[in-house]
Amino acid sequence: SQQGEEDPQALSIQEGENATMNCSYKTSINNLQWYRQNSGRGLVHLILIRSNEREKHSGRLRVTLDTSKKSSSLLITASRAADTASYFCATPPYSGAGSYQLTFGKGTKLSVIP
Amino acid sequence: KAGVTQTPRYLIKTRGQQVTLSCSPISGHRSVSWYQQTPGQGLQFLFEYFSETQRNKGNFPGRFSGRQFSNSRSEMNVSTLELGDSALYLCASRERGEGYGYTFGSGTRLTVV
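Protein chains in written order, with our numbering: chain A, 1 to 114; chain B, 1001 to 1113.
Honestly, the hints are just simulated from the structure, not real lab data.
Quick caveat, the model's predicted, so the values are computed rather than measured.
Glycine is no exception: its CB is placed at the ideal position from the N, C-alpha and C atoms.
Be a bit skeptical, because a hint or two may be false.
Label-pair ranges, simulated between beta-carbon atoms [unchecked claim]:
id, chain 1, residue 1, chain 2, residue 2, range
1, B, R1063, A, K106, 34 to 44 Å
2, B, S1079, A, A81, 41 to 51 Å
3, A, L61, B, R1109, 41 to 51 Å
4, A, A82, B, G1016, 16 to 26 Å
5, A, T64, B, Q1017, 18 to 28 Å
6, B, L1011, A, S68, 42 to 52 Å
7, B, G1003, A, S58, 37 to 47 Å
8, A, R80, B, G1062, 22 to 32 Å
With the C-beta cut set under 8 Å, the calculated list includes, among others, these residues of chain A facing chain B [unchecked claim]:
id, residue
9, N30
10, G40
11, L48
12, I49
13, S51
14, R54
15, S58
16, R60
17, L61
18, A82
19, S86
20, F88
21, Y100
22, Q101
23, F104
If you want the ones that stay clear, here's a sample from chain A, every Cβ over 12 Å from chain B, calculated [unchecked claim]:
id, residue
24, N18
25, Q33
26, P92
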């Protein structure tokens, strides 16, 4: 089963609007990561938030983490057509020892209409 | 730094054949992982290597194998290809340590006919 589940599955907005995507996970985490994937290409690492952090910013991206609710959100402000992509949250195993495999959700497909 | 390089980008194979995919990680990255992405199953973990040792393997049949060389380059092999193996295969590398995410290659699109 998936560790992370993104919501909504698809989101369509106008250029200039803000886009918010949510991620819920099931087990304890050390960190949570967000990735972007343009159609048929590799994933791009956007931001990593540690379990002891509540909010993190990177350019137009804002990520929040609520470990009590086992959820995270990704906010993209002032969206652009180039932000059109699928967005995934991912978590490594909690123990952190040895393996660092990521478990991905199904992703949110964001369409930004010019 | 050059990114993660995967070759080939596209591949068409016939059922029953075998295939080898190659991945060159970012210079200095010793951790390399492979993922399979399909529309139905999404992103699924295949293998993880660190310093030529397989640290973990995902829930895939033995037809899927991999290895890592002393220069951290990695290969994965799929034998006796099935139609269901058609997918985007992604390789990723990272620096060691807790606070680093993965850098992914552009992937190899495998089509089995």
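Verification of the supplied hints:
The hinted window of 34 to 44 Å between B/R1063 and A/K106 is violated, with their beta carbons roughly 25 Å apart. Hint check: B/S1079 to A/A81, Cβ distance near 43 Å, so the stated range 41 to 51 Å holds. Between A/L61 and B/R1109 the C-beta distance comes to about 28 Å, which lies outside the given range of 41 to 51 Å. One distance hint, 16 to 26 Å for the beta-carbon pair A/A82 and B/G1016, is violated here, with the actual separation near 42 Å.
A/T64 and B/Q1017 have their C-beta atoms about 47 Å apart, which leaves the hinted 18 to 28 Å range violated. Checking the proposed 42 to 52 Å range against B/L1011 and A/S68 shows it holds: the Cβ atoms sit about 46 Å from each other. For the pair B/G1003 and A/S58, the supplied restraint of 37 to 47 Å is violated, since their beta-carbon distance comes to about 19 Å. Between A/R80 and B/G1062 the CB atoms are about 45 Å apart, so this pair departs from the stated range of 22 to 32 Å.
The restraint placing A/N30 at the interface with chain B holds, with a minimum CB-CB distance near 6 Å, inside the 8 Å limit. Hint status for A/G40 relative to chain B: holds, with the closest Cβ pair at about 7 Å, below 8 Å. Here the hint on A/L48 is kept, as its CB sits about 5 Å from the closest CB of chain B, short of 8 Å. Using the Cβ-Cβ criterion of 8 Å, the hint placing A/I49 at the interface with chain B is not satisfied: the shortest such distance is roughly 10 Å.
This hint is violated: A/S51 has a C-beta 10 Å from the nearest C-beta of chain B, more than the 8 Å allowed. Hint on A/R54 is violated. Least Cβ distance to chain B is approximately 16 Å, over the 8 Å limit. Hint on A/S58 is violated. Least Cβ distance to chain B is approximately 12 Å, over the 8 Å limit. For A/R60, the interface hint is violated, since its Cβ never comes within 8 Å of a Cβ in chain B; the closest pair sits about 18 Å apart.
With its C-beta approaching chain B no nearer than about 13 Å, A/L61 sits outside the 8 Å limit, and its interface hint is violated. Given hint, A/A82 at the interface with chain B, is violated; its Cβ is 17 Å from that chain's nearest Cβ, farther than 8 Å. Evaluation of the A/S86 hint against chain B yields a violated restraint, the C-beta minimum of about 10 Å exceeding 8 Å. Look at A/F88: its Cβ gets to within about 7 Å of chain B, closer than 8 Å, so that hint holds up.
With a least beta-carbon distance of about 6 Å to chain B, the hint placing A/Y100 at the interface is held under the 8 Å criterion. About 5 Å separates the beta-carbon of A/Q101 from the nearest beta-carbon of chain B, less than 8 Å, and the hint is met. With a cut of 8 Å, the hint placing A/F104 at the interface with chain B holds, because the nearest CB-to-CB distance is about 4 Å. No Cβ of chain B comes within 12 Å of the Cβ of A/N18; the nearest lies about 23 Å off, and the non-interface call holds.
At roughly 5 Å, the least C-beta separation between A/Q33 and chain B is not larger than 12 Å, which violates its mark as non-interface. Its closest Cβ contact with chain B, about 9 Å, brings A/P92 to no more than 12 Å, contrary to its assignment away from the interface.
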